[in-house]
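J.: In case you want the letters, here they are:
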Amino acid sequence: MILTTKDTIDQTKIFDQVKDDSCGAIVSFIGLVRDHNSKEKVEGIFYEAYDEMVEEILKNIEKEVFNNWNIKKFIAVHRTGYLQVGEISVMVAVSSEHRKEAFEACSYGIENIKKRCPIWKKEKTQFGNDWIEGVKINE
Amino acid sequence: MNLSECTTLKIRLFGILREKMESDNLLISIHDTSISLKELRKYLKELYPSLGLNEINFVFAVNKVICNEDMNVKPLDEIAIIPPISGG
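From first to last, the protein sequence lines stand for chains A and B. For the first sequence, counting from 1, position 61 maps to 61 in our numbering; every step adds exactly one. For the second sequence, counting from 1, position 51 maps to 1051 in our numbering; every step adds exactly one.
Derived from the structure by calculation, the hints contain no laboratory data. This structure is a prediction, so every number in the text was calculated from the model and none was measured. No residue lacks a Cβ here, since even glycine has one placed at the ideal position from N, Cα and C. Careful, some of the hints might be misleading.
One side only, chain A facing chain B, incomplete, derived with CB under 7 Å [to be verified]: (1) K39; (2) K41; (3) E52; (4) G134.
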C-alpha cells in the first residue's frame, strides 16, 4: 500500500496490514510534527503534495525495494493538509523474515520519499506561516 | 503569426508558487505547437517576475516525470513547476 492521504495515519492499522505470519520482523519509520524548528516554536505544519506524481514515485520506490531486498510487505503513506504538533506526517513499514532486510528497506524507503517526492510544507509559528526552504527534487 | 495560430499550455503550480499566483495553474500562449522546457523557463521568468523563479532552484515535471530541459512540451502534456521539496 502506497499513497498520500488527508486522513489521520493510523499506525496500529498499518502495523496489522504489514504483519505477516511468515515474517519475524517489522521495521517502521514514523515522522511526526515537531513543536519547534531551529529558531522558534512550531504550532503545526501544512503539507501539500502533487498527489498523482507522488503516487507514481512511491510505486517506483516500492518496486526498487522489492527488487533489492527479500521482504514480504512494504507500506508507505504520507499525510497532506494541516497537521498539529504530534501528528504523524509519514509512515513507512516493512515486514521480512529477518530484521536486516526490513531495516535496510525501511531506511531506503523514507530516505527516497524525502529526496524524490514532490511534497512541500509550510510551518505555522507565532510569527506567521512560512514555506520551508527545501531541496531540489532528485528523481 | 496571428493569434489563431497560438496554442495554450497549462502549467500546474504547487506550494509557494501556487500561493504567490493565487492559482493552481498558469495558462501560457505560445506561437507554435510545442516549446522546449528551456524556452519555457525563460518565457515564464519574463512573463511572471512576481513568481521569483530566478531565486528558486526549480525543475519541470512533464506527465509526472522530471524532464531534461531539451525536451519539447505540447498542449496535452501535464506540465508542472516543481520548487524545492520538503516532505517527510
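J.: Out of the numbered hints, which ones does the structure contradict?
T.: 1, 2
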